[in-house]
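> One letter stands for each residue in the lines below.
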Amino acid sequence: MIETTTAPFPTIRVRPWLGLLAAVSALIATFMALIWAPTDAVQGDVYRIIYIHVPLAWLAYLAFFVVFVASLGWLLTKNPWFDALAVSSAEVGVLFTGMFIVAGSIWAKPTWGVWWTWDPRLVTTAIMFMMYVGYLLLRSLSTDFARRATRAAVLGVIAVIDIPIVHLSVLWMNSLHQLPTVLRAGGSPSLDATMGMTLGISVVAFTLVYFAFLAERMAIELGRQRGVQGVRA
Amino acid sequence: MIENLGFIVAAYVLVWGGIAAYLISLRRRRGS
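Quick mapping for you: the protein sequence lines, in order, are chains A and R.
For any residue, its number in my numbering is found by taking its place in the first sequence, counting from 1, and adding 413.
For any residue, its number in my numbering is found by taking its place in the second sequence, counting from 1, and adding 1.
Rather than coming from a laboratory, the hints here were simulated on the basis of the structure.
Treat the numbers as computed from the prediction; the structure is a model and nothing was measured.
The beta-carbon is built from N, C-alpha and C at its ideal position, and this holds for glycine as well.
Treat the hints with care, as some may be off.
[What the hints assert, rightly or not] To give an idea of the interface, some chain R residues facing chain A are shown, with a C-beta separation under 8 Å as derived from the structure:
{"id": "1", "residue": "Phe8"}
{"id": "2", "residue": "Gly19"}
{"id": "3", "residue": "Tyr23"}
[Said to hold, decoys possible] Just some of the chain A residues that point at chain R, by a computed CB distance under 10 Å:
{"id": "4", "residue": "Ile462"}
{"id": "5", "residue": "His466"}
{"id": "6", "residue": "Thr524"}
{"id": "7", "residue": "Ile633"}
Based on the sequences and whatever the hints tell you, model everything.
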């Protein structure tokens, strides 16, 4: 018998506030990104896609790192709460990855002249996306809760290796994609202060959206676990 | 006239539309 804890995650009192905070910060971030931030001297206004593309990419990294930690948690403790955390974070991470790939593609067309190119950063990102889609599909192969959670956790631990590969691919190989602008070694962010502030607020907004989604998705997953035979809430 | 306005709008609509669609999906799953 596998047991879950009774109150494993912020419940009714926190979730509505988190959602409200996420919505308000998203509105502020969108205003700053589209109106307040100055036009880029080189790219013009199309650079404004950075304010959704980059935060979504960072949050996808975070989401998949959470999958890694939660997968280790399941393998070490067999507590189903960790499995709920892993699948919830993986699902939000896949959503964010899909969206930042699409936003990046829309940004690429006017700046690079193509929607897609077989660039190291783009290819490693596509591999990351497919690995975590595979993670979600893998979970549907078994109806046995413990077996499914263990198989998924093993993949969740292995797949995290692609995150540093995606981030550092632009340094390791010749790439059309620009080098890291903010998270770069040996220097401060190469970004105008106003642009940097707008990007910071956008990161805060998407972080709140991530945690709001994670809380909602976990509540659903924990509810499912309670309904599964052999998993007692 | 803002240059590449269509690309900017398309990117923002897709991202925030995707977020709204996922939110609706979560609410439906929570309700079922």
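> Hint by hint, say whether it matches the structure.
Going through the hints against the structure:
| no. | hint | verdict |
| --- | --- | --- |
| 1 | Phe8 | holds (5 Å) |
| 2 | Gly19 | holds (5 Å) |
| 3 | Tyr23 | holds (6 Å) |
| 4 | Ile462 | holds (5 Å) |
| 5 | His466 | holds (8 Å) |
| 6 | Thr524 | holds (9 Å) |
| 7 | Ile633 | holds (5 Å) |
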